[in-house]
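Asks: Residue numbers (the working numbering), protein chains in the order written: chain A, 1 to 211; chain B, 212 to 666.
Treat the hints with care, since some could be wrong.
Ranges between beta-carbon positions, derived for each pair [said to hold, decoys possible]:
(1) A:E44 x B:E523: 31 to 39 angstroms
(2) A:A34 x B:R253: 53 to 61 angstroms
(3) B:E521 x A:Y64: 50 to 58 angstroms
(4) B:N366 x A:A40: 46 to 54 angstroms
(5) A:A149 x B:G316: 40 to 48 angstroms
(6) B:A549 x A:Y64: 49 to 57 angstroms
(7) B:A549 x A:R183: 26 to 34 angstroms
(8) A:Y64 x B:N419: 47 to 55 angstroms
(9) B:E521 x A:P132: 35 to 43 angstroms
(10) B:M220 x A:P132: 38 to 46 angstroms
Listing some non-contacts, in silico: residues in chain A with all C-beta distances to chain B over 12 angstroms [stated by the list, open to error]:
(11) E96
(12) A113
(13) T192
Note that these hints are calculated values from the structure, not bench results. Bear in mind the structure is a predicted one, so any value in this text is a computation, not a measurement. Where is the CB? At the ideal position from N, CA and C, for every residue including glycine.
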Amino acid sequence: MSTSTISTTGTVTVLERPTPMVLSVARRLRQSFAGGATFAPIDELRVVRLTSATDAQRVFVSFYGPAVCVAADSDQDAELTAEARWTDPVPAEWKEAGPGTFAQELHSLLSGAESSWQDAAQSFWTRAGGLPGMPDSLGVYCFDENSTAEFGDSGGNHYQLLGTSGALARLFSGRSLIADELRGGELALDGTSSSFSALVGANLKVVFGEI
Amino acid sequence: MKSDRFNEMAPVSCVRVEATNHDGVFVGKTLAPAKYQSCRDRGIAMPDLVLGLDLGNDSAMGFGMPSWRRNGLITDIELRPDESTLVEWKPGMASVIGDFWTLDGEAVQADPRQALKRVTAAYAERGLNILACVEIEATIFCESIDQARAQQYQNLTPLGGKAGAVLVHAKSPDFVEYMEAVVARFDEIGIPWEAWSDEAASGQIEFNLAPTDPVTAADHWARARQIMREVAYSLGRSVTFMSKWCSEYGQGSHLNVSVSDDKGNIFFDADEPTAPSDRMLHFIGGVMSTLEASTSFALPTITSYRRLVELEGPPTTQTWGIANKSCAVRAALAGPSATRLEYRLPSADSNVYSTLAVFLAGGLLGLDEESTPPPPFGRMAWALAPGTVPVVPKSLYEAVAALEADDKLRRYVGDEFIDYWIGLRRWEWLSFHTTAERDDAEISVWESLRYFELA
């Protein structure tokens, strides 16, 4: 294998049969590249397989030059494998990801940039606030910081999310699902079921990179 | 004076009020006669979740809910019987199909039967009548439904032995017994049928129902499937409408449609009977411009897409052709009464109310705009090189994305019908990938458990 000494941003393509994990991984890679992340382009095909920690999904990420393909299936053997949550596809433990390794580069790309819960919430509302069924306004209360944020037009259909700073940041930035955070005990809700349904959909659209 | 078909029929001890949810499941309640009489004008109260649960019994989430969901408080909607469908299902039991209405007395726009009625009415406003019929395919098994459940619907034994050939009369008596019992029930209920036969895969069967108006055709489809299940159970068998239950050929639900005005079949050109009429071409033009957007209705489940195998029979391309069964839409030029279009994409697990509604919506768009279709495809429309013609979406996600990008169908069937369906299908796709034991190219047990009895 030869590796260029020049770093580049990648062009991410989703191949046939998009799955939730495929879309999530593609979105994370695109976000990383959009944020300025680079990697050393490779002049031979390298394939990495990520398996979901919670279900049967798996994703193959192929690198060739600046091209990055994300797919649910692959005819190629993966030279690296790792397990990750599909909504936040950063391998928790990846012993191959030592300094200067390809795995370490990929780990960095999959990690993406962290946001504060306030920035993530603002970005979420900007992108999702106009989706059908969304509440007219969204209130957010952060338990551990005892701080609030309000979005949208007050007085109409209002929805309130209450959570820890970590849960709110994960949720609004599309690193977790509402259901995950509810199960984890770091999120509470107050509003109608219809708004909840729309918020679930908006949350998914962020995870999939659709908005 | 309004006729009172219920009181004119022989006394019954119960009334089954029926509808079809988005997944094609026959749903409703069975009422005592007095209760039915007391509420039949307004409708029988049903929880709104009757149109909101998936086939795993979870509430579908992830989309804006229409006003009749009343903020998700699990409110009621009303199933108002259409007594033109009233029949004696069996001695002592009446059966009637209904439509969903809101508590405010408005039609539930997302209701598949209401959507089909809206589109049919739009044709009527233009002086046009539709004839439609369905080819129902299914697979019948030796095992009882209890045994099939115990086996999680795996490794079942198709009734009638191996296929080996199609249209075989020399099937074993158990196979013939089932088919004859089904058509006997069709006759009792009043469902006109034209033919039955075996089909290409082991245990696979087909019933051809007679053409009629679209809503009646869909009602017949819904009741025919109920009969096919009831007969199977009574004979100790099981039956499925899964689009593909094993590696053998899948099964479809082809729709046949013709349109007439006061002069007759508008698809037929008496001056040039071997070519599509101008209006048939317009209709096809509209259908082809909405074919991709319509795909999720024709192929509504995860399994539906497994049926799309090159050279196996189901269309894989967005093509139409004259007498070309490899295309998604076949123009059958068969004289003034039988010239029609056959929509060959729908799988056996599709909901005929919905699928027919969007197919007719596409056709009406074409008639209204005098659309020009792409040229007919005259070659075999399978195994073509990439880029030769547009292909049918390969997954539910891609099909739903095509519907989201479309702005034509919703003009005829309404925003709510489209948006609600998109929400339900995205949920179906998500549920599969995040809860199935496998999500690769093989049929999962998850699919069998979810679709075998209900789809």
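Asks: So, for every hint listed, does it hold in this structure?
Replies: These are the hints, each one checked on the structure:
1. Taking 31 to 39 angstroms as the suggested C-beta distance range, the pair E44 (chain A) and E523 (chain B) conforms, at roughly 37 angstroms.
2. The given range of 53 to 61 angstroms is respected by A34 (chain A) and R253 (chain B), whose C-beta atoms sit roughly 56 angstroms from each other.
3. Roughly 28 angstroms separates the CB atoms of E521 (chain B) and Y64 (chain A), a value that falls outside the hinted 50 to 58 angstroms.
4. The given range of 46 to 54 angstroms is respected by N366 (chain B) and A40 (chain A), whose C-beta atoms sit roughly 51 angstroms from each other.
5. Distance hint check for A149 (chain A) and G316 (chain B): the Cβ-Cβ separation is about 41 angstroms, which falls inside the suggested range of 40 to 48 angstroms.
6. In this structure the hint that A549 (chain B) and Y64 (chain A) lie 49 to 57 angstroms apart at CB holds, the actual value being about 55 angstroms.
7. As the Cβ distance of A549 (chain B) to R183 (chain A) is approximately 59 angstroms, the hint placing it in 26 to 34 angstroms is violated.
8. Restraint check, Y64 (chain A) to N419 (chain B): a C-beta distance of roughly 52 angstroms satisfies the suggested window 47 to 55 angstroms.
9. Evaluation of the 35 to 43 angstroms hint for E521 (chain B) and P132 (chain A) yields a pass: the beta carbon distance comes to about 38 angstroms.
10. Distance hint check: the CB atoms of M220 (chain B) and P132 (chain A) are about 44 angstroms apart, consistent with the given range 38 to 46 angstroms.
11. Non-interface call for E96 (chain A) relative to chain B: holds, since the shortest CB-CB distance, roughly 25 angstroms, exceeds 12 angstroms.
12. The beta carbon of A113 (chain A) sits about 26 angstroms from the closest Cβ of chain B, which is more than 12 angstroms, so the claim that it is off the interface holds.
13. Non-interface call for T192 (chain A) relative to chain B: violated, since the shortest CB-CB distance, roughly 4 angstroms, does not exceed 12 angstroms.
Hints 3, 7, 13, counting from the list given before, are not met by this structure.
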